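Visitor: Residue strings, one per chain:
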Amino acid sequence: MSEPLMRLLADLPVASPDRARADRTRARCRARLMRPASRPPAVANTRVRLWQPMIAVLGVVYLIAAIVQAFLVLSS
Amino acid sequence: MDPDTEAALVDRLRHGDPDAFDLVYDAFNVRLFTFLARLTRRRDVAEDLLEETWLRLVKHARRLRPDTRLGPWLFTVARNLYVSFNRSRVLEESATAGLIALWPFSPDRVSPFEAAATSELERRIERALAAMPTASREVLLLVGVAGLSHADAADVCGITPEALRQRLHRARETLSRALDRDEAAAPAMRGVTPCPNR
Chain A
1 MSEPLMRLLA DLPVASPDRA RADRTRARCR ARLMRPASRP PAVANTRVRL WQPMIAVLGV
61 VYLIAAIVQA FLVLSS
Chain B
1 MDPDTEAALV DRLRHGDPDA FDLVYDAFNV RLFTFLARLT RRRDVAEDLL EETWLRLVKH
61 ARRLRPDTRL GPWLFTVARN LYVSFNRSRV LEESATAGLI ALWPFSPDRV SPFEAAATSE
121 LERRIERALA AMPTASREVL LLVGVAGLSH ADAADVCGIT PEALRQRLHR ARETLSRALD
181 RDEAAAPAMR GVTPCPNR
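Protein chains in written order, with our numbering: chain A, 1 to 76; chain B, 1 to 198.
No lab work stands behind these hints: they were computed from the structure.
From a predicted model like this one, the values you see are computed outputs, not experimental measurements.
Check each hint, because a few of them may be wrong.
Derived Cβ-Cβ restraints for the label pairs, each shown as a range [stated by the list, open to error]:
1) A:57 - B:92: 49 to 57 Å
2) A:13 - B:180: 57 to 65 Å
3) A:27 - B:84: 49 to 57 Å
4) A:21 - B:3: 28 to 36 Å
5) A:58 - B:88: 24 to 32 Å
6) B:64 - A:7: 44 to 52 Å
7) A:57 - B:160: 49 to 57 Å
8) A:13 - B:134: 35 to 43 Å
9) A:27 - B:44: 32 to 40 Å
10) A:52 - B:60: 29 to 37 Å
11) B:88 - A:20: 50 to 58 Å
We put the beta carbon where it would ideally sit given N, CA and C, even for glycine.
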């Protein structure tokens, strides 16, 4: 019973989208596809990459300075 | 579409080849539109969702995996867009239900396919499909009308192939019952004379 039903579904008519709009969509997609791939902003990335180690280095320097200062105070 | 052709097209799309896009567009545009038009039952909405589906393909073209299956990919995007549209429409309708109740015309509309059906049987199938719950309708449209395999249709719906088989089985039964009911009601309806205008 279900196979004839599936055949009926397969034979249902197809629908075509509006021709003018389909052409516009195609042209828009083609243009977008041909656009060169956008590159990630290299400068901003480098800045992000540099900031994190700089903060870490400054933190370590501050910590060492604090420890040295504490030793100096204790030894005097 | 055979796997080698599909893989070659995916590769060309990943490299931004517009001629490859044309081939994919020609192969799937009508099938996608037919699917969306029967799912949404509105031509204007189907056109909008179809355009958005193609724009999504272009947007993701360079990031497609080499083994991407274009048919299931496109139908998945189209279906997800419909689900999002439906969700926003439900919210909108719940917010404006009071206003719609004041509108003099019924918001229920005849599906464009039902209006264009060339035979009584076609009209009955379209009417039965339009009246089905979305989950049942979509599996019948994907497997029965669009011709996707069970595995591909399961991917599109985000369910297991076994769940799809069960859903399809129930959907076929629902459709079959609806057609039987419609057939039984048709002679009775033909005998009813319209009420005279008062």
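Visitor: Within 44 to 52 Å or not, the Cβ separation of residue 64 of chain B and residue 7 of chain A?
Guide: 34 Å, violated
Visitor: Between the beta carbons of residue 13 of chain A and residue 134 of chain B, is the distance compatible with 35 to 43 Å?
Guide: 21 Å, violated
Visitor: Is it true that residue 52 of chain A and residue 60 of chain B lie within 29 to 37 Å of each other by Cβ?
Guide: 30 Å, holds
Visitor: So the hint says 28 to 36 Å: do the beta-carbon atoms of residue 21 of chain A and residue 3 of chain B match that?
Guide: Given a distance of about 32 Å, which is inside 28 to 36 Å, the answer is holds.
Visitor: That 32 to 40 Å hint for residue 27 of chain A and residue 44 of chain B (C-beta), does it hold up?
Guide: 20 Å, violated
Visitor: Holds or violated: the 50 to 58 Å window for the beta-carbon distance between residue 88 of chain B and residue 20 of chain A?
Guide: Distance hint for residue 88 of chain B, residue 20 of chain A is violated at roughly 27 Å.
Visitor: Please check whether residue 57 of chain A and residue 160 of chain B have a Cβ separation lying inside 49 to 57 Å.
Guide: 53 Å, holds
Visitor: With respect to the beta-carbon atoms only, verify the hint that residue 27 of chain A and residue 84 of chain B lie 49 to 57 Å apart.
Guide: Given a distance of about 25 Å, which is not inside 49 to 57 Å, the answer is violated.
Visitor: Using the beta carbons of residue 13 of chain A and residue 180 of chain B, state whether their distance is inside 57 to 65 Å or not.
Guide: This hint is violated: roughly 23 Å between Cβ atoms.
Visitor: Confirm or reject the claim that residue 57 of chain A and residue 92 of chain B have a C-beta distance inside 49 to 57 Å.
Guide: Roughly 55 Å apart at Cβ, these two residues keep to the hinted range, so it holds.
Visitor: Determine whether the Cβ-Cβ distance between residue 58 of chain A and residue 88 of chain B falls within the hinted range of 24 to 32 Å.
Guide: 49 Å, violated
Consistency with the previously given hints fails for numbers 2, 3, 5, 6, 8, 9 and 11, ordered from lowest to highest.
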